[in-house]
Amino acid sequence: MTALDKSIEKTEVKEGVDQETVDAVAAVSTYKYGWETEVETEYAPMGLNEDIVRLISDKNEEPEWMTEWRLQAFERWLTKEEPDWAMVDYPKIDFQKQYYYARPKSMEVKPKSLDEVDPALLATYEKLGIPLKEQMILAGVEGAEDAAPAEGRTSDRKVAVDAVFDSVSVGTTFQKELKKAGVIFCSISEAIREHPELVKKYLGSVVPVNDNFYATLNSAVFSDGSFVYVPPGVRCPMELSTYFRINAENTGQFERTLIIADKGSYVSYLEGCTAPKRDTAQLHAAVVEIIVEEDAEVKYSTVQNWYPGDENGKGGIYNFVTKRADCRGDRAKVMWTQVETGSAVTWKYPSCILRGDDSQGEFYSIAIANNYQQADTGTKMIHLGKNTKSRIVSKGISAGHAQNTYRGLVSMHPKATHARNYTQCDSLLIGDKCGAHTVPYIEVKNNTARVEHEATTSKVDDDQLFYCRSRGMDEEEAVALVVNGFCKEVLQALPMEFAMEAQALVAISLEGSVG
Amino acid sequence: MALPKVKQTATEERLAAMSLPEAPGWTGPARDAAVARVGAMGLPGRRDEYWKFTRPDTLVQAEAPRAATFEGGDEAPTFDGIDRLKVVFVDGVFDEAASDDLALEGLKIERLAEAQKSDLHWARDVYGRLEERGQSPVDRPLAALNTAFATDGILIHVSGKVTKPVHFVYHHKSETSDAMLHHCVKLEEGAELTVLESGPAAARFNNVMEVEVADTARFAHIRTQGRDHERRAATHIFTRLGTESTFKSFTMTANGVMTRNECVIELTGDDAVAHVAGAALGDGDFHHDDTVFITHDAVNCESRQVFKKVLRNGATGVFQGKILVKAGAQKTDGYQISQSLLLDGDSQFLAKPELEIYADDVACSHGSTSGAIDETALFYLRSRGVPTQQATDLLTLAFLAEAVDEIDDEALREEIVDRLRGWLERRRG
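Chains E and G, in that order, give the protein sequences.
Counting in this note's numbering, the first sequence runs without a single skipped number right up to 515 at its last residue.
Counting in this note's numbering, the second sequence runs without a single skipped number right up to 1429 at its last residue.
Any given hint might turn out to be false.
Not everything, but these chain G residues come out facing chain E in the computed CB check (under 7 Å) [to be verified]:
1) Q1348
2) F1349
3) E1354
4) L1355
5) E1356
6) I1357
7) G1367
8) T1369
9) G1371
10) A1372
In silico BS3-like cross-links for lysine-lysine, where the CA-CA straight-line distance does not exceed 25 Å [unchecked claim]:
11) K1052/G <-> K80/E
12) K380/E <-> K1052/G
13) K1326/G <-> K433/E
Hint data in this document are derived by calculation from the structure and do not stem from the laboratory.
Even for Gly, the Cβ is constructed at its ideal location relative to N, Cα and C.
Model the full structure from these sequences, guided by the hints.
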């Protein structure tokens, strides 16, 4: 038994919190991805200045306009202050004591195909359960048979993967097959070279360069990431996925993802991430921009499993991420699903700008924090268009000495007539040394808009409750059944590829939870 | 940490315009400490997170903005039908002629301006003390400013069960008045008291009430903030509750261009109960902010926040509520609801209902909703022959009922319902 398990074992469990939940939290808190790949790595000089920005741009063989864009971002970043409003506490980051670029030596000459990629790198992904060989299907779905498969999904379907290792993309699978459908899926550095017109048009249009401290930093120094363009009317033939791996020490990872779903298209995108166990904290500041045009739909799912630090809070990833989707067209739809189990400190608010009339945003989140982890996460739903709808379901679970905060904004602008929002956020505390916090902001500027925020388990659907009770259940049983069913519903929103993680989490019940 | 320049300047300007009483007596040390606190915190600025939804400018600036007085209309003065001890202030100045004798069985009541002439006083343990405790974790500089410069106020020491309420009546007669009153109430073990407050008080009113509630004591507070449309107010209530004690406060606000009501409650004794409720009615140029901070620091305490706002013609309603459950405050029962009814498209509701919980055996819940009148309910009433306007009023009163029901005393509750009904009737058509 690891020390992690013991720390939970010792915790006196209150009535109403079942042991299965406690065990499941302990299980997901045992870090399985803490090993390191031994590859020769070349670094940019330590620290951050204009030269480093130029160097990154140069390494990616970027055109002049991109370098300029980065330099402008860097200039802005110098004038910005680190935000301190989140309920997280960590030692001040010395931005000059980081490497901003690290790549395996073998990637110096960009491999033309996966066959040329260093076997050590391929082995790394294999070990993580992400074989990059195209003929293989994505692993990690073993045992998935037990979890109810989502409708119409078979276990032999393909998933295209863009694998990012430290600062570079190692390779992207199934590119050809995707190309046939008209879908562009490649690393962002490749997109800047090959599809400058698309990148120029959309990069920074959802998360402006000046958005916030970390987004601005990312704009200056992002090294790689993924790019997706789905043309009008195309239903992307397979799931797209990016797997981020931090391997090098003292290195920040700054990836940038840009997804464009053109009119009437559909894409489901998965993101996974891990890092080795180290004693010093490492910085990860990503930006994800999603553009959803008329009638298009994007599903973005994340299982965030960065190294959370050890049981004494030593080491771990500082995960400062800006994710935002812009529903530009009418009836556009975006769905964020996240399972947050990793990172020492999380600062992340995947948001939706609901600009088009009848557009929809959904946010499903389960955040589990253990030991000394701190998570400050939530979403923003900005309703600008008519009849826009949003739904927020957030479950936070704290154990050990962890602090878990839901922070969210629901904003109904004056023109958002008949907009609807429903928010539910529940938290569960396991042990008396952790904390659970809720910081929702609600701004309603239109009287036909309806906003409902609730945070109680007793406020489950009355009809469902009535049904259960009419079948002879007592109130408590009925509530438990409905809430548990609800939690599973959130997990089932996750694509099959995350079935393993999801399975472990299904055992978590939210009985005895507090608002 | 140094204050931002803008804040520094604003604070200095305001402090320069204030003057400490010549003979502060036992309040002297508390006032000096409060001046230092204001200097260190700085007065609220537009960029402060705690003032995100409310612009503090007019509450901070050195000179109070002019505010027309209101001639009362045909409505009877508030709480007139209630048997009570009346203490009258006109623009923050005590009006002896209009007030009752300051004497009532079961309590000792004095004016701050008189009492501070002595060197020793029971209120020394209350004055500025609860306010100072309430400065953490969030700064409340306007309250510290009040502790430093309050010109008068009422000090009540309650030793028994007082049957008659004490009523602070605040008249507003000068268009430029800038009043600052500071009240202290100390309830001994098992004591009971109800305090009523009514009226607009001044063009700008800064009011602080510190209430120390000992074990098993009960304190009730009912307030109406007057109908003067242009007045501004920043009020604070600080209270600390002992074992099995009870604190209940209800505020009705109709009109006022700017109102910020802060209530800071600390439950320090086991099994204590604290309820805060508010009904706000806003029409037109109206900004109303309820900011509540409840700290649970004992076992098995109950807290309840119920705030309802009816808004129209561009009125703004704000709610910032927080329940902080400290480690060890097990068996806490915290409830918080904030709701707004937007009667037209111009009004807005801004809310931040927060929970911060460090104990694992608690039940805390919060809810917040905003929307228009329920069309189905309206249709039902109309199908039963109730005219639209009347049906709307009926539904509005029903919406406010949960907050008004927090008033235990039936006569006082009826009085408040009458005033709410009056407001709706005046604003028909």
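Chain E contact restraint on I1357/G - CB to CB distance below 7 Å: holds, 5 Å
Holds or violated: K380/E to K1052/G, with C-alpha atoms at most 25 Å apart: holds, 17 Å
Q1348/G as chain E interface residue, shortest Cβ-Cβ below 7 Å: Status holds, d = 4 Å.
Cut-off 7 Å, beta-carbon criterion: hint that G1367/G touches chain E: holds, 5 Å
Interface restraint verdict for E1356/G against chain E (beta-carbon cut-off 7 Å): holds, 5 Å
T1369/G as an interface hint toward chain E, with CB separation required under 7 Å: holds, 5 Å
Interface hint status, A1372/G versus chain E (Cβ within 7 Å): holds, 5 Å
Restraint satisfaction for E1354/G [CB to CB of chain E, less than 7 Å]: For E1354/G, the interface hint holds, since the closest Cβ of chain E sits about 5 Å away, which is under 7 Å.
Chain E contact restraint for F1349/G - C-beta distance below 7 Å: Constraint on F1349/G satisfied, holds at 5 Å.
Restraint outcome when L1355/G is required to lie within 7 Å of chain E by C-beta distance: At 4 Å from the nearest chain E Cβ, L1355/G passes the 7 Å test, so the hint holds.
Evaluation of the interface hint that places G1371/G against chain E, nearest CB under 7 Å: Status holds, d = 4 Å.
Holds or violated: K1052/G to K80/E, with C-alpha atoms at most 25 Å apart: holds, 20 Å
Going through the hint list in order, the structure satisfies each hint without exception.
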